[in-house]
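Each chain, letter by letter, is given below.
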Amino acid sequence: MAKVQLTRHLYAFFPQLEGKELMVAGSTVADVVQGLEAIAPGFAFYVCDERGRLRTHVNIFVGEDRVADRARLTDRVQTDSRVFIMQALSGG
Amino acid sequence: MSDRILVGTRKGAFVVGKGRGGWTPHLAGHAGMGVNFLARDPHTGALWAALGHGHWGAKLSRSDDDGKSWADASQVKYPADARYLGHAIPSEDSTEIPGPTQIKPATLLKLWTLAFGAPGTIYVGTIPGGLFVSRDGGESFALNLPLWNHESRGGDLSNGGGSGVTHWFGTPASEGGEFAPGIHSVLVDPRDPDRVLVAVSTAGVLETRDGGQSWRSRNKGLVMDYQPDPTAEWGHDPHSIELCPGQPDHIWQQNHCGVFYSSDGAETWKKVSFPDQGVHFGFPVAVDVAHGGTAWVVPGKADMERMAIDGGLFVARTQDGGESWEMLREGLPQKHAYDVVLRHALGISGDRLAFGSTTGNLYVSENRGESWSTVANNLPPIYSVRFG
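Heads up: the protein sequence lines correspond to chains A and B, in order.
One point on numbering: in the working numbering, the residue at position 55 of the first sequence is 60, and numbering is uninterrupted.
One point on numbering: in the working numbering, the residue at position 203 of the second sequence is 213, and numbering is uninterrupted.
Keep in mind the hints are simulated off the structure, nothing from the lab.
For every residue, glycine included, the Cβ atom is placed at its ideal position computed from N, Cα and C.
You may find that some hints are simply not true.
Stated by the list, open to error - Taking beta-carbon pairs under 8 Å as the criterion, some of the chain A residues facing chain B (in silico):
(1) 50
(2) 54
(3) 60
(4) 62
(5) 66
(6) 71
(7) 72
(8) 92
To be verified - Away from chain A, derived, C-beta distances all over 12 Å, residues of chain B:
(9) 41
(10) 201
(11) 257
If we strip away everything but chain A, and leave its shape as in the complex, we get (with noise of 0.2 Å):
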């Protein structure tokens, strides 16, 4: 089960998931994002478009490492990792 950490301006949008430990099962990013919509309805729709390609202004990371695979989130996810989806730093 991958550890994930949202970004607090998730919280505002999915405020059932704020103050909860996420753990999700899964073997890639992608796994990880449709465990959270599983759990969250609609967040999928948040950090991806229609085709399931990352959306441009959200990252995320395993561990230290930004995901490389934008367009199918495919980046491996190991039982004891840490996934963090961000914000880019972006905006006006």
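Please build the complex by placing chain B on the supplied structure of chain A, with the hints as guidance.
Frame of chain A, contents of chain B only:
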């Protein structure tokens, strides 16, 4: 006349109420988020917001308590096989010169406008050019396929078909715009909810008379100055269209290339702008509720500058179908004004009008534009102004 103005801005939804002290705005949700369009469903009273989260994508949000609380609505999503012909633009990552057009998978780039038809029917105009329709009060939305697969944009691409030629173009705003076509205006005929007009930047105006099963162009009489054939069937850039509720065959269009008026249900358009008087370029148009020949526009200075003309903000009104225009300036700044008023940012309710600018100024007139009063000067850039 409505005593409430709904204002969508780059940094949140505002409701402006009229009390004894005048008009007072308050932030009614989505603080810090882009609200492209804010409107009330007249049948249910629900408020709908078309959001453009910078990070999290376009989202549809609904409030059943006048903006005290909001919840994500059923989301608008392009079907898995929805594709469109786009004009290939070399990016800084390009290693090859792309062909003139390419087939792109459709994803929701922007929720641009909302319109309400018969009870339970909600239309959502989007970029990249999909019209989404709900027939169940917003519980679910479906892409209108006859328009999506219209011959003018290359036909049905889903099974390897299509002509390979599209006449729909993107006209992105210079700041963060999208190079993909967008539906920004949806008008439902109050006499017949199966008759709907949409305006597309950039393609032109299309009409259905059978509830969306078939669509045809409504661009006769429009002229453009940025293509070799000024009167081609497609390629026009309507900035907004509005109809007269009391005389629905009277339809107005603020176009990139002037103001156009139709008194025959958009069968034909007539150019009615006067560049030498400053009535030519702009984005919004408002039409009188009863008199189809009466309309208001907020001109800007040509497409090269796109701001108030010579530093003085004014609203232009015609009461004779565009034969003549009055410049209404009372109460509006006439020095050092650089406002631009976007396509959804002029609203009307009876004799009352309101408009807001990207400079964050909001003005109201109680007397059909004869004079204006300032409601606010420091709102975020204003995207939409609707009474309701």
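A quick look at each hint next to the structure:
1. Annotation: interface hint on residue 50/A holds; nearest CB of chain B at approximately 6 Å, less than 8 Å.
2. Against a cut-off of 8 Å between C-beta atoms, the interface hint on residue 54/A holds, since the closest Cβ of chain B lies about 4 Å away.
3. For residue 60/A, the interface hint holds, the least distance from its beta-carbon to any beta-carbon of chain B being 6 Å, beneath 8 Å.
4. Taken as an interface hint, residue 62/A checks out: its beta carbon lies about 4 Å from the nearest beta carbon of chain B, inside 8 Å.
5. Because the beta carbon of residue 66/A sits about 16 Å from the nearest beta carbon in chain B, more than 8 Å, this interface hint is broken.
6. Interface restraint check: residue 71/A against chain B, minimum CB-CB distance 16 Å, threshold 8 Å, status violated.
7. Contact between residue 72/A and chain B, as hinted, is not supported at the beta carbon level, the nearest pair being about 16 Å apart and thus beyond 8 Å.
8. With 8 Å as the threshold, the beta carbon of residue 92/A comes within range of chain B, its nearest partner Cβ sitting at about 4 Å, so the hint holds.
9. For residue 41/B, the requirement that its beta carbon stay farther than 12 Å from each beta carbon of chain A is not met, with the minimum near 10 Å.
10. No beta-carbon of chain A is positioned within 12 Å of the beta-carbon of residue 201/B; the least distance is around 36 Å.
11. Distance check for residue 257/B against chain A: the nearest CB is about 41 Å away, which clears 12 Å, and the non-interface claim stands.
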